[in-house]
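Just so you know, the protein sequences line up as chains A and B, in that order.
Taking the numbering used here, I'd label the letters of the first sequence as residues 154 to 505.
Taking the numbering used here, I'd label the letters of the second sequence as residues 154 to 505.
No lab work stands behind these hints: they were computed from the structure.
A quick note: this is a predicted structure, and the numbers were derived from the prediction, not measured.
A hint or two may mislead.
Heads up, the list lumps identical chains together, so a pair's fine if it works in one copy or across two of them.
[Unchecked claim] Restricting the straight-line Cα-Cα distance to at most 25 Å, the calculated cross-link-like pairs of lysine-lysine (DSS-like) are:
#, residue 1, residue 2
1, K256, K163
2, K160, K279
3, K420, K491
4, K256, K160
Residue strings, one per chain:
There are 2 protein chains.
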Amino acid sequence: MSKYWSKLTKSLTPYVPGEQPKDKKYIKLNTNENPYPPSPKVLEAIRNAVNEDLKLYPDPNGDELKKVIADYHGISVNQVFVGNGSDEILSFAFATFFDSSEKVLFPDITYSFYPVYANFYNLWYKEIPLEEDFSLPLDKFNIPNGGIILANPNAPTSKYVSLDDLELLIKNNLEKVVILDEAYIDFGGESAIKLINKYPNLLVIHTLSKSRSLAGLRVGLAMGNQELIEGLNRVKNSFNSYTLDRLALAGAIAAYKDKEYFEKTRKKVMETRERTKKEMRALGFNVLDSMTNFIFASHPKVNGEKIFLSLKERGILVRYFNKPKIDNYIRISIGTDKEMDSLIKNLKEIII
Amino acid sequence: MSKYWSKLTKSLTPYVPGEQPKDKKYIKLNTNENPYPPSPKVLEAIRNAVNEDLKLYPDPNGDELKKVIADYHGISVNQVFVGNGSDEILSFAFATFFDSSEKVLFPDITYSFYPVYANFYNLWYKEIPLEEDFSLPLDKFNIPNGGIILANPNAPTSKYVSLDDLELLIKNNLEKVVILDEAYIDFGGESAIKLINKYPNLLVIHTLSKSRSLAGLRVGLAMGNQELIEGLNRVKNSFNSYTLDRLALAGAIAAYKDKEYFEKTRKKVMETRERTKKEMRALGFNVLDSMTNFIFASHPKVNGEKIFLSLKERGILVRYFNKPKIDNYIRISIGTDKEMDSLIKNLKEIII
Chain A
154 MSKYWSKLTK SLTPYVPGEQ PKDKKYIKLN TNENPYPPSP KVLEAIRNAV NEDLKLYPDP
214 NGDELKKVIA DYHGISVNQV FVGNGSDEIL SFAFATFFDS SEKVLFPDIT YSFYPVYANF
274 YNLWYKEIPL EEDFSLPLDK FNIPNGGIIL ANPNAPTSKY VSLDDLELLI KNNLEKVVIL
334 DEAYIDFGGE SAIKLINKYP NLLVIHTLSK SRSLAGLRVG LAMGNQELIE GLNRVKNSFN
394 SYTLDRLALA GAIAAYKDKE YFEKTRKKVM ETRERTKKEM RALGFNVLDS MTNFIFASHP
454 KVNGEKIFLS LKERGILVRY FNKPKIDNYI RISIGTDKEM DSLIKNLKEI II
Chain B
154 MSKYWSKLTK SLTPYVPGEQ PKDKKYIKLN TNENPYPPSP KVLEAIRNAV NEDLKLYPDP
214 NGDELKKVIA DYHGISVNQV FVGNGSDEIL SFAFATFFDS SEKVLFPDIT YSFYPVYANF
274 YNLWYKEIPL EEDFSLPLDK FNIPNGGIIL ANPNAPTSKY VSLDDLELLI KNNLEKVVIL
334 DEAYIDFGGE SAIKLINKYP NLLVIHTLSK SRSLAGLRVG LAMGNQELIE GLNRVKNSFN
394 SYTLDRLALA GAIAAYKDKE YFEKTRKKVM ETRERTKKEM RALGFNVLDS MTNFIFASHP
454 KVNGEKIFLS LKERGILVRY FNKPKIDNYI RISIGTDKEM DSLIKNLKEI II
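The shape of chain A in the complex, shown without the other chains:
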């Protein structure tokens, strides 16, 4: 602690991102990156943007990107917000829609950045416990609140809630904003974007880091009714006007234009996930039904931390959370088939 820090700074417990190893070459299955490279058209579009125009500020509103996204999803431009990764947008959203007077609701087991945002903006929150099987007790969110945020599918559990169930929640909470963080929606779920015209309290957040293989480019987006988007713009323009650089804008535009590549790679990830699930179950693992690009699993005989450490020793990095209720689980990102073959081979040896 430093005497120069504000009270806020002293009170913070920052988020700890997954390890980005520099020491040696791992099979990296720990931060839910896509195993496939970005579309060649994305790389080409970025290369074309590497020119002397970099001396000029980017469009602070990202209008061209918004237009492409709006067309892609069949919504209007003023229903789209773009930002420097979905983490930044989530942070803006906490500031834009939540007040300290009422508790924000989210599950006890979910993306661990949510309580960090809440603390940063000095917001109260209530963590709603997931069921034993990690399913979401939607009825328990039916209490007075200052807003709700849910990851669907949820992380790190990989579980998905149907749109019908979520719609009920959104409809029952019309006075407060419901944020759906759909970072993993493209791996088998159905997006709630189709509901934004129906519910003015619904904000849907997407990222290009997972299903579009662009974790290194830092682009996310939010979609919702015009008032919500305008609120996000107010907050953004009180924080940093130019959040997206010219290259990120160019790459993101190209990513939405190459739907074919997107479809091909996300299907491949889902196929690899399904067969990995089967193979892990054959090894006795308890594998949750995943609708994401990762698997959440435990084994009855070897505890999660031991599996995590053994895999790391063998050059395979997965994620382990030393946290009540999930401290016997490991989260494994879906890699290429070859990487998953290596994972299975090593898991076999570890659990013997």
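Fit chain B to the supplied structure of chain A, relying on the hints for placement.
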């Protein structure tokens, strides 16, 4: 106003960035961009980074960039913070070092984002009036405060305060943080970086948007003692872990490595500024002594807004602030010699 907005959102008056025209081709002298392209080595380094690694998250700490900057300035790595443009770093700094219990001090005429940040974090502030000639009344900052932020050289006035004068201010305010926003320091001023080992309360903020021709890449940095940098990291990691994408990191590293190009272009900008100043003075303009890449000027016969509008009509975009004390001035970014020739020619016609 929307019922879904937080009290904070409702209270905000967002920053309005300078116009980024899309309708037609202007001589663009309105947002203090560098008229020269980024170093060819920067473009090459970025091109080399446009590869499949974009599927992976960037280094959240930007360690390699920090190392290059530390070596460049002869400081240590833990005295460097990097971010998504200096605007983002300024925002983090307001959160990290300032409390709502005491007033933050800054001049009444300065970068207009400062009061916006203060409002965003619900901080009190006091604007210290500049002197009639826009010089900084340093003695007036010698009052109880919760921190001080100064742009040196100041914007939009272009005026510079000597390091000796500033050192006195920093020394007299050892209990609170003094932030020096040196966005324009490379155009003739002397940086306070040399003082960071002496004063634990000093934070110096730089940007690559001006003197390194990279406004489109969004990279800024802060330098100060380790405790201050650690505080910034706490705040950053409570807001967004991955603020800099892989391409921005690669380009910024290359920019600091090509010192020769940097020296050449910044000298060229200063030369063009000096001769533009002379020519404008010959036309009767009151031109402040600039240590920046822009000129702040008024004319005794034609008012600032009229000059701004006339120039715009003629295809030259400069910046006009409709604000007390400076509403008769225009701010003109230094362009190429050819662009400034065109400016002078048009100014001549306007003031006749």
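The hints, checked one at a time:
| no. | hint | in the structure |
| --- | --- | --- |
| 1 | K256 to K163 | both (22 Å within a copy, 19 Å between copies) |
| 2 | K160 to K279 | both (22 Å within a copy, 20 Å between copies) |
| 3 | K420 to K491 | within (16 Å within a copy, 54 Å between copies) |
| 4 | K256 to K160 | both (21 Å within a copy, 15 Å between copies) |
In this structure, every one of the numbered hints holds.
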